Amino acid sequence: MTWLILVGLPLLSALAVTTSRGGNRASTVLVVTSALTSIAATVHAALPSEAPFLDGYLHGDETVQLFAPVINFIFMGIAVYVRARVATEPASRRFVFLALAFLAASNFALLCNHLLLMWIGLESTTLAAALMILRADAPASRLASWRYLLFSSVGLGLVLLGFVCLTRSMELAGQEPTLFLDAMPAAVAGPTNAWRELGVGLVILGIGTKLGLAPMYSWLPEAYDEAPAPVSAMLGAVQFNIALVLLFRIVHIYRPGSGPLITGELLTIGLASVAVSTVSIVATQNFKRLLAYASINHAGVIAIGLGLGNAASYGVLLYVLSNAFIKAILFLTAGKIEAHYGTKDTKTIAGLIKDLPYSGLFLMVGTFALLGFPPFGSFLGELLILSALVTSGQMFVFAAFCMLITVSFVATGRTIFPMIWGEPKQVRTWPQQRVSGALHKLIFLGMLLVLGIYIPPQINALMIHVAHSLEGP
Amino acid sequence: MNPLLIAFVGILLVPLFVASWRLSLFGLAAQGLIMAWISYQLDPAVDSVSAWVGLFDLIVVRGIGAPLALYAVLRSQRATARHDVIPPNLMSWTMAIALVFVAFRFADMLVPLEGSEHSFVAGATAGLLLGLLVLATQTGPFSQMVGALRIENAIALFELGGGHHDIGMRIAQTVILILTVLLFRWYLKTLPRASTVKVSVVEGMSS
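Listed in order, the protein sequences are those of chains A and B.
Mapping of the first sequence onto our numbering: position 30 corresponds to residue 30, and the numbering continues sequentially without gaps.
Mapping of the second sequence onto our numbering: position 30 corresponds to residue 30, and the numbering continues sequentially without gaps.
Bear in mind the hints are in silico, worked out from the structure with no lab data behind them.
Among the clues, some could well be false.
What the hints assert, rightly or not - Residues from chain B shown here face chain A by an in silico Cβ test under 10 Å; the list is partial:
{"hint": "1", "residue": "Pro3"}
{"hint": "2", "residue": "Ile6"}
{"hint": "3", "residue": "Val73"}
{"hint": "4", "residue": "Gly161"}
{"hint": "5", "residue": "Ile176"}
To be verified - Computed spacing ranges between beta-carbons, pair by pair:
{"hint": "6", "chain 1": "B", "residue 1": "Ser20", "chain 2": "A", "residue 2": "Gly259", "range": "48 to 54 Å"}
{"hint": "7", "chain 1": "A", "residue 1": "Arg21", "chain 2": "B", "residue 2": "Val60", "range": "36 to 42 Å"}
{"hint": "8", "chain 1": "A", "residue 1": "Gly8", "chain 2": "B", "residue 2": "Thr94", "range": "51 to 57 Å"}
{"hint": "9", "chain 1": "B", "residue 1": "Lys189", "chain 2": "A", "residue 2": "Lys347", "range": "49 to 55 Å"}
{"hint": "10", "chain 1": "B", "residue 1": "Thr94", "chain 2": "A", "residue 2": "Trp421", "range": "54 to 60 Å"}
{"hint": "11", "chain 1": "B", "residue 1": "Phe17", "chain 2": "A", "residue 2": "Thr19", "range": "51 to 57 Å"}
{"hint": "12", "chain 1": "B", "residue 1": "Asp47", "chain 2": "A", "residue 2": "Tyr57", "range": "22 to 28 Å"}
{"hint": "13", "chain 1": "B", "residue 1": "Asp43", "chain 2": "A", "residue 2": "Val282", "range": "54 to 60 Å"}
{"hint": "14", "chain 1": "A", "residue 1": "Pro256", "chain 2": "B", "residue 2": "Ser20", "range": "50 to 56 Å"}
{"hint": "15", "chain 1": "B", "residue 1": "Gly115", "chain 2": "A", "residue 2": "Gly264", "range": "51 to 57 Å"}
{"hint": "16", "chain 1": "A", "residue 1": "Thr18", "chain 2": "B", "residue 2": "Leu113", "range": "51 to 57 Å"}
{"hint": "17", "chain 1": "A", "residue 1": "Ala35", "chain 2": "B", "residue 2": "Leu113", "range": "41 to 47 Å"}
{"hint": "18", "chain 1": "A", "residue 1": "Thr18", "chain 2": "B", "residue 2": "Val60", "range": "48 to 54 Å"}
{"hint": "19", "chain 1": "A", "residue 1": "Asn24", "chain 2": "B", "residue 2": "Ala81", "range": "47 to 53 Å"}
This one's a predicted model, so the numbers in the text were calculated from it and none came from an experiment.
From the three backbone atoms N, C-alpha and C, an ideal C-beta is built for every residue, glycine too.
Input sequences plus hints: build the corresponding full structure.
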C-alpha cells in the first residue's frame with residue numbers, strides 16, 4: 001500500500017505547483033519530489049514484494065521492484081538537469097506540472113495489476129508528454145508533438161483492441177474474462193484460439209508503436225529531435241520502459257500458449273527496426289536524430305531478445321536497464337551541446353572534448369556504451385542475445401543482425417567521434433563547466449558501470465526473477 | 001445483419017466518396033449515435049452507472065462533442081467546403097470497397113456462424129481498416145484526426161460486442177477520450193501555422 005507514495009506524491013506536488021507559492025519554486029518542487037519518490041522506490045525494492053492491494057488493482061511485484069527505482073532515479077536526474085537550466089532559462093510552471101503528472105502516471109502504470117488500468121496509465125503519460133514536446137521557440141515541435149500524439153493514439157488503440165480480443169478468447173474458452181495480471185495465467189491456460197492469436201498480435205503491434213518499433217516508428221525521430229532534451233530523456237528512458245513492462249507482462253502471460261506467434265512477430269519487427277534505423281543512422285547529419293535512430297535500433301535489439309526468450313531474457317533485462325541510463329546520459333548531454341552551439345548539425349560541431357570537457361566526456365562514454373563496448377552492461381546484454389540467436393538456430397536473423405549492427409557501429413562512430421575529437425571549426429569561449437552540474441550524469445555513468453562489472457546480489461536476484469518470467473516453457 | 005450495423009458500414013463509406021469536411025464530421029457523429037442506439041438495443045434497461053457512462057461516451061463525446069469541437073475550429077478558419085478524406089481517384093475508391101470486403105471475409109474466418117457477433121466483427125473491422133486507409137493516404141492534420149477518430153469508433157464498436165469493465169475504468173477511458181479530443185481541437189487550431197515551417201537540408205532542423 002505504501003507504494004502509493006510513488007503516485008500520490010507527484011500528484012500532490014503537481015497541485016502545489018499550480019499555487020502561486022509552489023509555482024515560484026517549481027523546479028525545486030520537481031527535484032525534491034523526484035528525490036523522494038526515488039528513495040521510496042529504492043526502499044520498496046529492498047523489501048520483500050507485497051501482495052496486490054486496492055482490491056487487487058495494484059501490485060508491487062518483482063518487475064515493479066526492479067523498474068520503479070530505475071525510472072524514478074532517471075527522472076530525478078532529469079529534474080536536476082531542468083533545475084540547472086533554470087539558471088539560464090526560467091522553468092515554466094506548466095512544464096513542471098506536466099512533468100510531475102507524467103511521473104505520477106508512469107508510476108501508476110508500472111504498479112497496475114490490471115492490463116486496462118495499465119493502458120489508462122500509459123495513455124495518461126502520452127497526453128502529458130505530447131504537451132511537453134512543444135517548444136515556444138521551435139514551431140516544428142508542434143508538428144512533432146501532433147505526430148507523437150497521433151501515432152500513440154493509434155498504437156494504444158490497437159492495444160485496447162487487442163485486450164477486447166483477449167477477453168473474448170477467454171469467454172470462448174469457457175473462462176471468466178479477466179485482465180488482472182495475477183489471474184490471467186490461469187485463465188489462459190487452455191488451448192489457444194483465433195481470438196487470442198489476434199489479440200496478442202494486436203497488443204504487440206500496438207506496444208511496438210509506443211516503443212518506436214517498425215512499422216510505426218516514424219514519429220520517434222521527429223519527437224525526440226524536436227522535444228526539449230529533458231523530454232527526449234523522459235520519452236526514451238522512462239516512458240519507453242513503462243511500455244516495455246507492459247510488453248513483458250503480455251509475453252509472460254501468453255508465451256506458454258502462443259510462443260511461436262510471439263517469437264515470430266517480435267523477431268520480425270525487431271529485425272525490421274534494426275534495418276530501418278541502421279539506414280537512417282548512416283544518412284543523418286543531426287546528432288539528436290542519430291540518438292533517436294539509435295533508440296529505434298536498441299528497441300529492435302530488445303524485441304529480438306524478447307522474442308527468443310530463454311537464455312536471452314537475462315541479456316534483454318541487462319540491455320534494457322543499461323539502455324535507460326545510456327539514453328538519459330546522451331539526451332541530456334545532447335541538450336547541453338545544442339544549447340551551446342545552437343545547432344544539431346554534426347558537421348559544424350567539433351572538438352567537444354576541449355570546448356565542453358564534461359559534455360565531450362559524457363558523449364564519448366555514452367557512445368561507447370551505446371555501441372555495446374565493454375565494460376558496460378549493454379555489451380554483455382548484446383552478447384547474451386547474440387548467443388541465444390545461435391543456440392536457438394536463428395542463423396539468418398543472427399547473420400542479418402550482425403551485419404546491420406556492424407554498419408550502425410561504423411556509421412555512429414564516423415558521425416560522433418569527429419564531434420568529440422575533431423579540430424574545433426572556430427575558437428569559442430564558454431563559461432567553465434562545473435562538476436556539480438554534471439553530477440547526475442556521473443551517477444548515471446556509475447550505474448552503467450555497475451550493470452557491466454558488478455551487479456549487487458539483491459538487484460541480480462530481482463533480474464533473475466523477472467528474466468525467468470520471460471523465458472517461456 | 002442488423003440494419004443499424006448496415007447503416008454504420010454505409011456511414012463509414014459515404015464520406016470517403018463525397019469530398020466535404022462537413023460530411024466527414026457528420027459521418028463521425030452518425031457513427032457515435034448509431035453505436036449508442038446499438039448499445040441501447042443490447043441493454044434496453046440501462047440500469048447501471050456503467051451503462052449510463054457508456055451512453056454518455058457514445059452520444060455526448062463521440063456523437064456530439066468530438067465532431068462539434070472540430071467543426072467549430074474549421075468554421076472559424078473559414079475552411080473551404082471541399083475536403084478529400086482519401087485521394088479522389090479510382091485506386092483509393094477501389095481500395096476502400098475492397099477493404100470492406102476484406103473485413104467481411106475476416107469476420108467469416110473469425111466468427112464462422114452468421115449472427116450478431118459476426119456483424120459486430122465485420123463492422124468494426126471495416127471501420128478499423130478504413131481508418132487506417134485514411135491515415136495511410138493523408139498527411140493533413142484534419143484528415144489524420146478523422147482517421148484516428150474512425151479507429152477509436154471502430155474499437156468502441158468492438159467493445160460493444162463484449163468486454164464490460166467496472167465503472168472506474170469506464171469513466172477513466174471516457175476522460176482520456178475527452179482529453180484526446182480537446183488536444184485534437186487545439187492542434188487543429190494551431191497546426192496550420194506550424195506546418196508552414198520549412199525543413200532545412202539537415203533533416204528536422206527548422207530554418
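Hint-by-hint comparison with the structure:
no.	hint	result
1	Pro3	violated, 24 Å
2	Ile6	violated, 22 Å
3	Val73	violated, 14 Å
4	Gly161	holds, 8 Å
5	Ile176	holds, 5 Å
6	B:Ser20 with A:Gly259: 48 to 54 Å	holds, 49 Å
7	A:Arg21 with B:Val60: 36 to 42 Å	holds, 38 Å
8	A:Gly8 with B:Thr94: 51 to 57 Å	holds, 55 Å
9	B:Lys189 with A:Lys347: 49 to 55 Å	violated, 37 Å
10	B:Thr94 with A:Trp421: 54 to 60 Å	holds, 57 Å
11	B:Phe17 with A:Thr19: 51 to 57 Å	holds, 54 Å
12	B:Asp47 with A:Tyr57: 22 to 28 Å	holds, 25 Å
13	B:Asp43 with A:Val282: 54 to 60 Å	holds, 57 Å
14	A:Pro256 with B:Ser20: 50 to 56 Å	holds, 51 Å
15	B:Gly115 with A:Gly264: 51 to 57 Å	violated, 32 Å
16	A:Thr18 with B:Leu113: 51 to 57 Å	holds, 55 Å
17	A:Ala35 with B:Leu113: 41 to 47 Å	violated, 59 Å
18	A:Thr18 with B:Val60: 48 to 54 Å	violated, 28 Å
19	A:Asn24 with B:Ala81: 47 to 53 Å	holds, 50 Å
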